[in-house]
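Colleague: Sequence:
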Amino acid sequence: MLLKDLYSHEIIEKEFNTEKLYRMLLDNDFFEVKRQEVILKKGEFVELEKGSIDYVYYISDGVAAINIGDQVIDFRGPADFFGLVDSTSVQGAKFSLNPLNEITMSRFEKNEVMAKIMSLQDGYLYHYTCMLDRYRMYENRIIVNDATDEKRTLLELREIGSKFGKDEVQKDKIVVPGFFTRKLIANYLGISRTKLSDILLKLRHEGLVTVDSKRQILVCLK
1 MLLKDLYSHE IIEKEFNTEK LYRMLLDNDF FEVKRQEVIL KKGEFVELEK
51 GSIDYVYYIS DGVAAINIGD QVIDFRGPAD FFGLVDSTSV QGAKFSLNPL
101 NEITMSRFEK NEVMAKIMSL QDGYLYHYTC MLDRYRMYEN RIIVNDATDE
151 KRTLLELREI GSKFGKDEVQ KDKIVVPGFF TRKLIANYLG ISRTKLSDIL
201 LKLRHEGLVT VDSKRQILVC LK
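Position 2 of the sequence shown, counting from 1, maps to 2 under full-length UniProt numbering, and the rest follow consecutively.
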């Protein structure tokens, strides 16, 4: 029987989301999973693998960049996992998490997390949901890469602002938080800071972005 015959995608994403997975991992009534709270300041890198142990992190508060080597490939925030579906290495370049502000996380050993997930009848759906989230993110980035640099920059700024600037919506604009620096955004987009500055200037002239007194970027939602 196919997965779609058992559950709709809407039900899967509602009943097997990351927050419910986290609560399940904290439930020690069956299959206890060791948990350690980790608080990191801005710039304190964490690698997925330490020695022979692979870890899974759940972010409770704060925002972090995800790197492969020196390249920023993603951003994670509250209710996101790091390490559950991320590889420990890609052609020798290690995955790492770089906090953009103070971040609070729960750390679990990956083998224990996977064992608990698979001990449940439908536990694999938690892992499936996380994989689907990551797949969609990478799929969107691939699609966006076919756009012009200006269009790609605008779309990615909207995506960042929508996910991490939710509490700072101003009329028809959304704020990209200040810890998303020009250097960080340029790295994520794979362009130089000079190129990014030129693009932002052009987008400002077109009325698509503005910059506030804190030098935060405000992006038009339409």
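FYI, nobody ran anything at the bench for these hints, they're computed from the structure.
There's no promise every hint is true.
DEER-style ranges, computed between Cβ atoms [what the hints assert, rightly or not]:
| hint | residue 1 | residue 2 | range |
| --- | --- | --- | --- |
| 1 | 142 | 30 | 25 to 31 Å |
| 2 | 121 | 212 | 46 to 52 Å |
| 3 | 11 | 181 | 35 to 41 Å |
In silico lysine-lysine, BS3-like type, Cα no more than 30 Å apart, as pairs [claimed, not checked]:
| hint | residue 1 | residue 2 |
| --- | --- | --- |
| 4 | 173 | 110 |
| 5 | 50 | 183 |
| 6 | 110 | 171 |
| 7 | 41 | 110 |
| 8 | 116 | 173 |
For each residue, glycine too, the CB sits at the ideal point set by N, CA and C.
Colleague: Is the hinted range of 35 to 41 Å satisfied by the C-beta distance from residue 11 to residue 181?
Modeller: The hint (35 to 41 Å, Cβ to Cβ) holds, given that residue 11 and residue 181 are roughly 40 Å apart.
Colleague: Holds or violated: are the alpha carbons of residue 173 and residue 110 at most 30 Å from each other?
Modeller: Violated. Residue 173 to residue 110 sits at ~40 Å, over the 30 Å cutoff.
Colleague: For the pair supplied as a hint, residue 41 and residue 110, is the alpha-carbon distance within the 30 Å limit?
Modeller: Holds - the C-alpha atoms of residue 110 and residue 41 are around 23 Å apart, at most 30 Å.
Colleague: Check the following: the C-beta atoms of residue 121 and residue 212 are separated by a distance inside 46 to 52 Å.
Modeller: Taking Cβ atoms as reference, residue 121 and residue 212 lie about 51 Å apart, which means the hint holds.
Colleague: For residue 110 and residue 171, compute the direct alpha-carbon distance and say whether it is at most 30 Å.
Modeller: Judged against 30 Å, a Cα distance of about 43 Å means the pair is violated.
Colleague: May I ask you to test the hint 25 to 31 Å on the CB atoms belonging to residue 142 and residue 30?
Modeller: violated, 40 Å
Colleague: Against the 30 Å threshold, does the CA-CA distance of residue 50 and residue 183 hold or violate the hint?
Modeller: holds, 28 Å
Colleague: Does residue 116 pair with residue 173 here, judged by a C-alpha cut-off of 30 Å?
Modeller: violated, 43 Å
This entry does not satisfy hints 1, 4, 6 and 8, going by the numbered hints stated previously.
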